[in-house]
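From first to last, the protein sequence lines are chains A and B.
Each residue of the first sequence is one higher than the one before, starting from 1 at the first, in our numbering.
Each residue of the second sequence is one higher than the one before, starting from 1 at the first, in our numbering.
Since the hints were derived computationally from the structure, they do not count as laboratory data.
Bear in mind that the values here come from a model prediction, so they are computed numbers and not experimental data.
Possibly wrong hints are sitting among the right ones.
To be verified - If you only want the chain A side, here are some residues facing chain B, beta carbon under 8 angstroms, derived:
#1 Val77
#2 Ala97
#3 Asn99
#4 Phe103
#5 Val104
#6 Ala110
#7 Phe118
#8 Arg121
#9 Ile122
#10 Gln126
#11 Ser128
To be verified - Pairwise CB distance ranges (calculated):
#12 Gly54/B / Ser44/A: 25 to 31 angstroms
#13 Gly54/B / Lys43/A: 35 to 41 angstroms
#14 Gln71/A / Asp33/B: 29 to 35 angstroms
#15 Gly138/A / Asp33/B: 44 to 50 angstroms
#16 Asn74/A / Lys9/B: 23 to 29 angstroms
Just so you know, even glycine gets a beta-carbon here, dropped at the ideal spot from N, CA and C.
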Amino acid sequence: MKRRIFLKGSMAAGAIAVAAGAGLLAPARVLAATWPKAAFTAKSEADALNAFFGSADAQDSGDVTLKAPLQAENGAVVPIKVSTSLADVEAIAVVVAKNPSPFVTSLQMAAGSAGGMFSARIKMGQTSPVNCYVKAGGKVYKTSQEIKVTVGGCGG
Amino acid sequence: MASTKMKIKKNKTGGRDVMVLAKHPMETGLRKDKKTGEKIPAHYIQTMDFALNGTVVAQANLGGGVSKNPLIGTTVADAKSGDTISVNWTDNKGEGGGAEKAVK
Chain A
1 MKRRIFLKGS MAAGAIAVAA GAGLLAPARV LAATWPKAAF TAKSEADALN
51 AFFGSADAQD SGDVTLKAPL QAENGAVVPI KVSTSLADVE AIAVVVAKNP
101 SPFVTSLQMA AGSAGGMFSA RIKMGQTSPV NCYVKAGGKV YKTSQEIKVT
151 VGGCGG
Chain B
1 MASTKMKIKK NKTGGRDVMV LAKHPMETGL RKDKKTGEKI PAHYIQTMDF
51 ALNGTVVAQA NLGGGVSKNP LIGTTVADAK SGDTISVNWT DNKGEGGGAE
101 KAVK
């Protein structure tokens, strides 16, 4: 009998947790116009992409180019440059798969008024594929390159 | 306030490439102080707005994964001679900085 009550209690608590989770997700999506906190705090690449683009599906595309070194001596400063010839670019995101927080940086732009280029210097904890996602015309395209890191740049 | 520098360069397509260098420590919050063993609190730029003549055309979102003194570049396709491009950034402690420059 006690066990039954306990189970009921835990189920109710589970339902509340789900509701709270849904409640938390909704404002995060609205806030995406300011700073996509959910994407930056995500611990996996798929979670980050879901938070930022709304889906983790991306299509490999030759129209997205990533200019980055094959080998970075210092993981604290890795220069990368993403450019694309796609039209109607809405957002560009850079994800380092093996970083503690994979979502590194992103750029959102007003349609037509900004071009398809984004460059930054990023930190890399270890040798990892660097994935670049470009959202253009409602679709997400990606390109990837593995960068070797000799000295990590995340943490001391 | 930290200093912010901006460079504007004409690109092949007629638009302007904007490069912004902001002086900022960009602490992830994961690093530890070697002497005391305590964590260094996170301190990084979160958003960087690029505005053309006062209208925001692009916004970069940064996190702890961006190198210190971040150099951020993008293209403003509509920029013409005489326009002004301004950049404003805000970090997780509410501090901010920016720069403004006329397009040549």
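Quick rundown of the hints versus the structure:
Annotation: interface hint on Val77/A holds; nearest CB of chain B at approximately 5 angstroms, less than 8 angstroms. Annotation: interface hint on Ala97/A violated; nearest CB of chain B at approximately 12 angstroms, more than 8 angstroms. Satisfaction of the interface hint for Asn99/A is found here, the shortest Cβ-Cβ separation to chain B being roughly 6 angstroms, below the 8 angstroms cut-off. Interface hint at Phe103/A: satisfied, since its Cβ lies 7 angstroms from the closest Cβ of chain B, which is below the 8 angstroms cut-off.
The beta carbon of Val104/A comes within 4 angstroms of a beta carbon in chain B, closer than 8 angstroms, and the hint placing it at the interface holds. With its C-beta approaching chain B no nearer than about 5 angstroms, Ala110/A sits inside the 8 angstroms limit, and its interface hint holds. Against a cut-off of 8 angstroms between C-beta atoms, the interface hint on Phe118/A holds, since the closest Cβ of chain B lies about 5 angstroms away. Taking 8 angstroms as the C-beta contact cut-off toward chain B, the hint placing Arg121/A at the interface holds, the least distance being around 4 angstroms.
A hinted interface residue such as Ile122/A counts as satisfied when its beta carbon comes closer than 8 angstroms to some beta carbon of chain B; here the least separation is about 6 angstroms, so the hint holds. Residue-level restraint check for Gln126/A is violated (minimum Cβ-Cβ distance to chain B is 13 angstroms; threshold 8 angstroms). With a least beta-carbon distance of about 11 angstroms to chain B, the hint placing Ser128/A at the interface is violated under the 8 angstroms criterion. Here the CB-CB span from Gly54/B to Ser44/A is close to 39 angstroms, at odds with the stated 25 to 31 angstroms.
Taken as a hint, the range 35 to 41 angstroms holds for the pair Gly54/B and Lys43/A, whose Cβ atoms sit roughly 38 angstroms apart. Evaluation of the 29 to 35 angstroms hint for Gln71/A and Asp33/B yields a pass: the beta carbon distance comes to about 30 angstroms. A C-beta distance of roughly 46 angstroms is found between Gly138/A and Asp33/B, which places it inside the suggested range of 44 to 50 angstroms. Separated by about 26 angstroms at the C-beta atoms, Asn74/A and Lys9/B satisfy the suggested range of 23 to 29 angstroms.
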